[in-house]
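Please take these sequences and the hints and turn them into a complete structure.
In the order they appear, the protein sequences are chains H and R. In terms of this note's numbering, the first sequence is residues -5 to 182. In terms of this note's numbering, the second sequence is residues -5 to 182.
Simulated from the structure, these hints should not be mistaken for laboratory data. Bear in mind that the values here come from a model prediction, so they are computed numbers and not experimental data. Where a beta carbon is used, it is the ideal one built from N, C-alpha and C, also for glycine. Do not rely on the hints blindly, as some may be mistaken.
Unchecked claim - Covered stretches of chain R (in silico footprint by chain H; criterion: 3 or more residues with CB under 8 Å from a CB of chain H, positions within the stretch not fixed): (1) 8 to 19; (2) 26 to 33; (3) 64 to 70; (4) 102 to 116; (5) 126 to 134; (6) 148 to 157.
As the list claims (entries may be wrong) - If you anchor each label on the Cβ, the simulated ranges turn out as follows: (7) Glu89/H to Gly163/R: 33 to 39 Å; (8) Leu55/R to Leu55/H: 27 to 33 Å; (9) Asp20/H to Gly0/R: 25 to 31 Å; (10) Glu89/H to Thr93/R: 47 to 53 Å; (11) Asp85/H to Asp20/R: 54 to 60 Å.
Said to hold, decoys possible - The list that follows gives simulated cross-link-like pairs (lysine-lysine, DSSO-like), each with its CA atoms no further than 27 Å apart: (12) Lys152/H to Lys139/H; (13) Lys152/R to Lys2/H; (14) Lys56/H to Lys2/R; (15) Lys2/H to Lys56/R; (16) Lys152/H to Lys2/R; (17) Lys139/H to Lys2/R; (18) Lys152/R to Lys(-4)/H; (19) Lys139/R to Lys2/H; (20) Lys139/R to Lys152/R; (21) Lys139/R to Lys(-4)/H.
Number of protein chains: 2
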Amino acid sequence: MKQSIGPKAIIFPTPVLIVGSYGEHDEPNIMNVAWGGICSSAPPSIAVSIRGERHTHANILKHRAFTVNIPSVSQVRPADYAGLCSGRDTDKFAETGLTPVSSDRVHAPYVAEFPLCLECRLIQIFDLGAHTQFVGEILDVKANKEVLNREGQIDIEKVEPFSFSPADGGYYRLGAFIGQAFSIGRKD
Amino acid sequence: MKQSIGPKAIIFPTPVLIVGSYGEHDEPNIMNVAWGGICSSAPPSIAVSIRGERHTHANILKHRAFTVNIPSVSQVRPADYAGLCSGRDTDKFAETGLTPVSSDRVHAPYVAEFPLCLECRLIQIFDLGAHTQFVGEILDVKANKEVLNREGQIDIEKVEPFSFSPADGGYYRLGAFIGQAFSIGRKD
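Shown next, in the form of structure tokens:
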């Protein structure tokens, strides 16, 4: 028997997307976005939802580009810090000690230390009420070599990503493998 | 030093969203969607991306409604099964033994056994290439009582959700709490 708990924005897992952008004078900035996800396979695209008053909102509109960076468990502090203050009055790279690197595909910075980044060209803008949804075409994915396996593919257990819980505001690490998709549910 | 691995649709974590809809003659159906996530706080909304040829695509267009159900680790087999065949020729509820329940807020079925469901009214449709993105306003969230704490709030550790990895096609459970958002990154 289910119990109603009202209209809330809750799913599990919710990602921790660190969105990189340049400011008006190309100051590198990052923010912490929980509302987003992959939204198409072709072109490979990602949606990130950002409130209109955020510094990153103006940055993406100006440069038509952003990066999405995935932090590891060991980087939870700088990742959280990116959501605690504004790039308008804070150099978050300097404050966290993270290193901005200019993407070679779009005009946006990525985070050198975070294991994974997606370089995105803005292709759509949708007004969804409190948030604007920016859709970026993923022009390239770059990964730190330490998280690649021998075949050059991303090893999720080396990435050690984590998740945000909209229910309790906690960050949770990813746990053990439980089965293979398109396979474990087969009946024959 | 980062290495380019090309334009791929990869982030961690990616959710496992079991989308419930009614068919032309109100046959209840579910499918397994990885591309989606919360997309606005007000109105609380969720985006799910679905290919045009999918049965669920026609169902949502017809009834302007869907549910999003979050399965537990113990339900990985029926959740995966929902992505292995089409509701056009399979009664996935019958095949999995899951129970469809009519939502009281929208014309769509939810899964009785899965711990959490979102009842969604279709409010936007965006063409994003290979996928159509359906945006649903979340009119209500319903939770099985077993996953609520004493205060009536969702306990993520009781939900035991899991994640899909686009890198290796694996399902991974959620792991341990590592810190509180908007807090662990504070410097003072």
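Hint by hint, here is what the structure shows:
{"no.": "1", "hint": "8 to 19", "verdict": "holds (count 3)"}
{"no.": "2", "hint": "26 to 33", "verdict": "holds (count 6)"}
{"no.": "3", "hint": "64 to 70", "verdict": "holds (count 3)"}
{"no.": "4", "hint": "102 to 116", "verdict": "holds (count 5)"}
{"no.": "5", "hint": "126 to 134", "verdict": "holds (count 6)"}
{"no.": "6", "hint": "148 to 157", "verdict": "holds (count 7)"}
{"no.": "7", "hint": "Glu89/H to Gly163/R: 33 to 39 Å", "verdict": "38 Å, holds"}
{"no.": "8", "hint": "Leu55/R to Leu55/H: 27 to 33 Å", "verdict": "31 Å, holds"}
{"no.": "9", "hint": "Asp20/H to Gly0/R: 25 to 31 Å", "verdict": "27 Å, holds"}
{"no.": "10", "hint": "Glu89/H to Thr93/R: 47 to 53 Å", "verdict": "51 Å, holds"}
{"no.": "11", "hint": "Asp85/H to Asp20/R: 54 to 60 Å", "verdict": "57 Å, holds"}
{"no.": "12", "hint": "Lys152/H to Lys139/H", "verdict": "10 Å, holds"}
{"no.": "13", "hint": "Lys152/R to Lys2/H", "verdict": "18 Å, holds"}
{"no.": "14", "hint": "Lys56/H to Lys2/R", "verdict": "25 Å, holds"}
{"no.": "15", "hint": "Lys2/H to Lys56/R", "verdict": "25 Å, holds"}
{"no.": "16", "hint": "Lys152/H to Lys2/R", "verdict": "18 Å, holds"}
{"no.": "17", "hint": "Lys139/H to Lys2/R", "verdict": "17 Å, holds"}
{"no.": "18", "hint": "Lys152/R to Lys(-4)/H", "verdict": "14 Å, holds"}
{"no.": "19", "hint": "Lys139/R to Lys2/H", "verdict": "17 Å, holds"}
{"no.": "20", "hint": "Lys139/R to Lys152/R", "verdict": "10 Å, holds"}
{"no.": "21", "hint": "Lys139/R to Lys(-4)/H", "verdict": "6 Å, holds"}
Taken one by one, the earlier hints all hold for this structure without exception.
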